[in-house]
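**Student:** Sequence:
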Amino acid sequence: DNDVEVEDYVSYTLSIHSSVQLLFMDECEVNASGFPELMYAPADALITLAKQSKIKENDANISQSDIRLSHIADGVYCVMFMFYGEICVFINETTEGYSYIRNYGHSEYIMSVRHRMKTTDFIPPKSGRVINIVTPQTPETSWKIAAQKNFLKSQPLESSPPVPDTLEGLLTPRPIPEITSS
Numbered sequence: 001d002n003d004v005e006v007e008d009y010v011s012y013t014l015s016i017h018s019s020v021q022l023l024f025m026d027e028c029e030v031n032a033s034g035f036p037e038l039m040y041a042p043a044d045a046l047i048t049l050a051k052q053s054k055i056k057e058n059d060a061n062i063s064q065s066d067i068r069l070s071h072i073a074d075g076v077y078c079v080m081f082m083f084y085g086e087i088c089v090f091i092n093e094t095t096e097g098y099s100y101i102r103n104y105g106h107s108e109y110i111m112s113v114r115h116r117m118k119t120t121d122f123i124p125p126k127s128g129r130v131i132n133i134v135t136p137q138t139p140e141t142s143w144k145i146a147a148q149k150n151f152l153k154s155q156p157l158e159s160s161p162p163v164p165d166t167l168e169g170l171l172t173p174r175p176i177p178e179i180t181s182s
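FYI, in the UniProt record's numbering the residues of the sequence shown are 1 to 182.
Source of the hints: derived by calculation from the structure; they are not laboratory data.
It should be emphasised that the depicted structure is a prediction, and the values quoted were computed from it without experimental measurement.
No residue lacks a Cβ here, since even glycine has one placed at the ideal position from N, Cα and C.
Simulated DEER-style distance windows between Cβ atoms:
hint, residue 1, residue 2, range
1, Pro175, Tyr109, 33 to 39 Å
2, Pro139, His106, 20 to 26 Å
3, Glu168, Pro139, 25 to 31 Å
4, Thr48, Pro125, 17 to 23 Å
5, Thr141, Leu49, 27 to 33 Å
With the sequences and hints as input, model every part of the structure.
**Tutor:** This is the structure:
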């Protein structure tokens with residue numbers, strides 16, 4: 001179909017590791033309209049990584065200074081992946097919904113993928129959600145991340161700021177995958 005618009009594309013890099021040989025066809029384009037399940041691949045990957053981080057946290061031999069886990073309640077936690085910035089993922093394994101407020105207002109020289117330093121989101125039961133991604137404004141400038149957070153059991157509410165269509169695949173609540181420790 002040659003009627004593909006630029007908005008149909010989801011921008012990310014997909015790395016595939018396989019124990020079997022994969023066959024790729026030349027001139028095959030993958031886009032969100034042709035493969036809608038791929039739209040949520042980045043969020044699903046980060047939620048899975050957050051869940052795995054919680055499992056590994058219980059292993060005393062593992063030290064993950066670049067992964068911070070904030071326990072909120074039984075079955076409810078927030079995982080922050082610290083890299084050249086921060087990715088914040090909220091996991092809710094309970095049967096109740098939670099609202100989560102994250103405020104980067106005291107941070108310095110960072111920018112948010114949501115274009116706001118304070119966000120409010122609802123995380124449904126048995127769901128995970130990427131809350132925000134913040135990165136330094138420029139590589140040359142020193143920067144600091146300082147975040148305040150608040151959470152509470154709640155009924156569904158609208159995200160503030162609203163999640164733009166271009167980030168829906170990354171910032172939408174998703175089912176939590178079943179992962180067992182090995």
